[in-house]
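There are 2 protein chains.
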Amino acid sequence: MSSSQAGSRPGGRSARVQAAVHAAVKSLQAEAGRGELTVPAVAERAKVTPSTIYRRWGDLASLLADVAVERIRPDGPPAETGSAKGDLSAWAEQYAEEMSSSVGQELMRDILAARSQADNPARCCNLVRAQIDIIGERAKACNEVFPDTETVLDVVVAPIVYRSLFVDPPSAEHVQALVERLWAER
Amino acid sequence: MSSSQAGSRPGGRSARVQAAVHAAVKSLQAEAGRGELTVPAVAERAKVTPSTIYRRWGDLASLLADVAVERIRPDGPPAETGSAKGDLSAWAEQYAEEMSSSVGQELMRDILAARSQADNPARCCNLVRAQIDIIGERAKACNEVFPDTETVLDVVVAPIVYRSLFVDPPSAEHVQALVERLWAER
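Protein sequences appear in the order of chains A and B.
For the first sequence, the positions run 1 to 186 when my numbering is used.
For the second sequence, the positions run 1 to 186 when my numbering is used.
Worth double-checking, as some hints may not be accurate.
A pair holds if it fits inside one copy or across any two, identical chains being indistinguishable in the list.
Cut-off 25 Å, straight-line C-alpha distance, at most; resulting in silico cross-link-like pairs (SDA-like, lysine to any residue) [stated by the list, open to error]: (1) K85 to E150; (2) K140 to P77; (3) K85 to G58; (4) K140 to P74; (5) K85 to T52; (6) K85 to T151; (7) K85 to W183; (8) K26 to G136; (9) K140 to L182; (10) K85 to A177; (11) K85 to A184; (12) K47 to V145; (13) K26 to R109; (14) K26 to P74; (15) K26 to A113; (16) K26 to A61; (17) K47 to D168; (18) K140 to A90; (19) K85 to L182; (20) K26 to A90; (21) K140 to S89; (22) K140 to C125; (23) K85 to E185.
I should point out that these hints are in silico values taken from the structure, not numbers from a laboratory.
Build out the structure end to end from the sequences listed, making use of the hints.
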């Protein structure tokens, strides 16, 4: 999980550069839309040289993917509802909502588009795994049975992401049915 | 399904333009790699004007997505193995292989990257649906029980695509386990 933090020791110059460049991308995206985004514009806003950006991120697509992974990083652990099934239902419904929003779609596209930093999709998946692990640990602490994280990825997460990207975002009822499938098969 | 053929009456000028432009993209991709691809280069190779391409496809990303959808169009119906479960297993294994190849990954990225022709991901999903429908119809003709196509998408196709794009391509054993899940729940 912590590979996402590679090269960004908190408080170091590297971390400051990363923070400045990420902030520059976000403010330029908010102002101008992505058509206007260029490495020189980001560099000027972040007060670094373009070569600093090229050296660290390789190209604009990889920088955008890196920013997108940080933006989908969850604010905190999944909400506690009193049961593992309730936690997973609530988390999955919120995740589906985020994935189906236009911002969520754009972030997923940015994450998948970058070719030179191929670990961004895996970082994205690891953020999801970590949330599911938290629900699984809570279940364990209460002696509740909970499926393993890879099964949750296949049965619940994959259909949400596939439908959001390729078909139509799943309805709340559909997401609920995915969670039910997991409990029905045990 | 036939929406993918919109604007391309066989034999008409529109179809000839489409065929020439698609062929130009494929030959340029084969020669030079995607870094060199530009709309003017494609237009020159296809013997059309750049404005013909902009008018019809909007931008390069949309053209690449359109070509990618045609390239993932299956050559024929799923192989017949004597049972619906066998047909689905064989199809899913082959689909997973294609998705996990570097060409398959590149095509999926092209399909998802285009913003101005947003129906390409849906066309991609509809090609998959049509293959599963064929297996379902064979099953029906033999009085075999077969799950509905949307369930196959959720349980088998979505994990294959999600893992190929975000994690690691699923192994043949993993794909087999996805098919087994479908039969276990009936």
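Each hint, compared with the structure:
1. In this assembly of identical chains, K85 and E150 lie within 25 Å of each other by CA distance both inside one copy and across copies; the values are 16 Å within and 23 Å between.
2. Taking the closest pair of Cα atoms, K140 and P77 come within 25 Å of each other only inside a single copy of the chain (16 Å); across copies the shortest separation is 46 Å, beyond that limit.
3. In the homo-oligomer, the alpha carbons of K85 and G58 never lie at most 25 Å apart, since the shortest distance is 42 Å inside one protomer and 46 Å across protomers.
4. In this homomeric assembly, K140 and P74 come within 25 Å of each other (Cα to Cα) only inside a single copy, at 22 Å, whereas the closest approach across copies is 45 Å.
5. In the homo-oligomer, the alpha carbons of K85 and T52 never lie at most 25 Å apart, since the shortest distance is 46 Å inside one protomer and 54 Å across protomers.
6. In this homomeric assembly, K85 and T151 come within 25 Å of each other (Cα to Cα) both inside a single copy, at 14 Å, and across copies, at 21 Å.
7. Proximity of K85 to W183 under the C-alpha cut-off of 25 Å is found in both arrangements, the shortest distances being 8 Å within a copy and 23 Å between copies.
8. Taking the closest pair of Cα atoms, K26 and G136 never come within 25 Å of each other, the shortest separation being 34 Å inside a single copy and 47 Å across copies.
9. Taking identical chains as interchangeable, the C-alpha atoms of K140 and L182 lie at most 25 Å apart only when both belong to the same chain, with a minimum of 17 Å there against 27 Å between chains.
10. Taking CA atoms no more than 25 Å apart as the test, K85 paired with A177 passes in both settings, with 12 Å inside one copy and 23 Å between copies.
11. Both within a single protomer and between protomers do K85 and A184 lie at most 25 Å apart by alpha-carbon distance, with minima of 12 Å and 21 Å respectively.
12. Within a single copy, K47 and V145 get their C-alpha atoms no closer than 52 Å, and across copies no closer than 64 Å, so neither meets the 25 Å cut-off.
13. In this assembly of identical chains, K26 and R109 lie within 25 Å of each other by CA distance both inside one copy and across copies; the values are 16 Å within and 23 Å between.
14. Proximity of K26 and P74 under a CA criterion of 25 Å is satisfied intra-copy only: 17 Å inside one chain copy versus 41 Å between copies.
15. For the homomeric pair K26 and A113, the shortest alpha-carbon distances inside one copy (18 Å) and between copies (20 Å) are both at most 25 Å.
16. Taking CA atoms no more than 25 Å apart as the test, K26 paired with A61 passes in both settings, with 14 Å inside one copy and 23 Å between copies.
17. With identical chains, the CA atoms of K47 and D168 are never at most 25 Å apart, being 41 Å at best within one copy and 37 Å at best between copies.
18. In the homo-oligomer, the alpha carbons of K140 and A90 lie at most 25 Å apart inside one protomer (18 Å), although the nearest pairing across protomers, at 38 Å, exceeds that limit.
19. For the identical chains of this complex, K85 and L182 are neighbours both inside a copy (9 Å) and across copies (21 Å), given an alpha-carbon limit of 25 Å.
20. For the identical chains of this complex, K26 and A90 are neighbours neither inside a copy (28 Å) nor across copies (45 Å), given an alpha-carbon limit of 25 Å.
21. For the homomeric pair K140 and S89, the shortest alpha-carbon distance inside one copy (17 Å) is at most 25 Å, but the shortest distance between copies (34 Å) is not.
22. In this assembly of identical chains, K140 and C125 lie within 25 Å of each other by CA distance solely inside one copy; the values are 22 Å within and 38 Å between copies.
23. In this assembly of identical chains, the alpha carbons of K85 and E185 lie at most 25 Å apart whether taken from the same copy (14 Å) or from different copies (19 Å).
This entry does not satisfy hints 3, 5, 8, 12, 17 and 20, going by the numbered hints stated previously.
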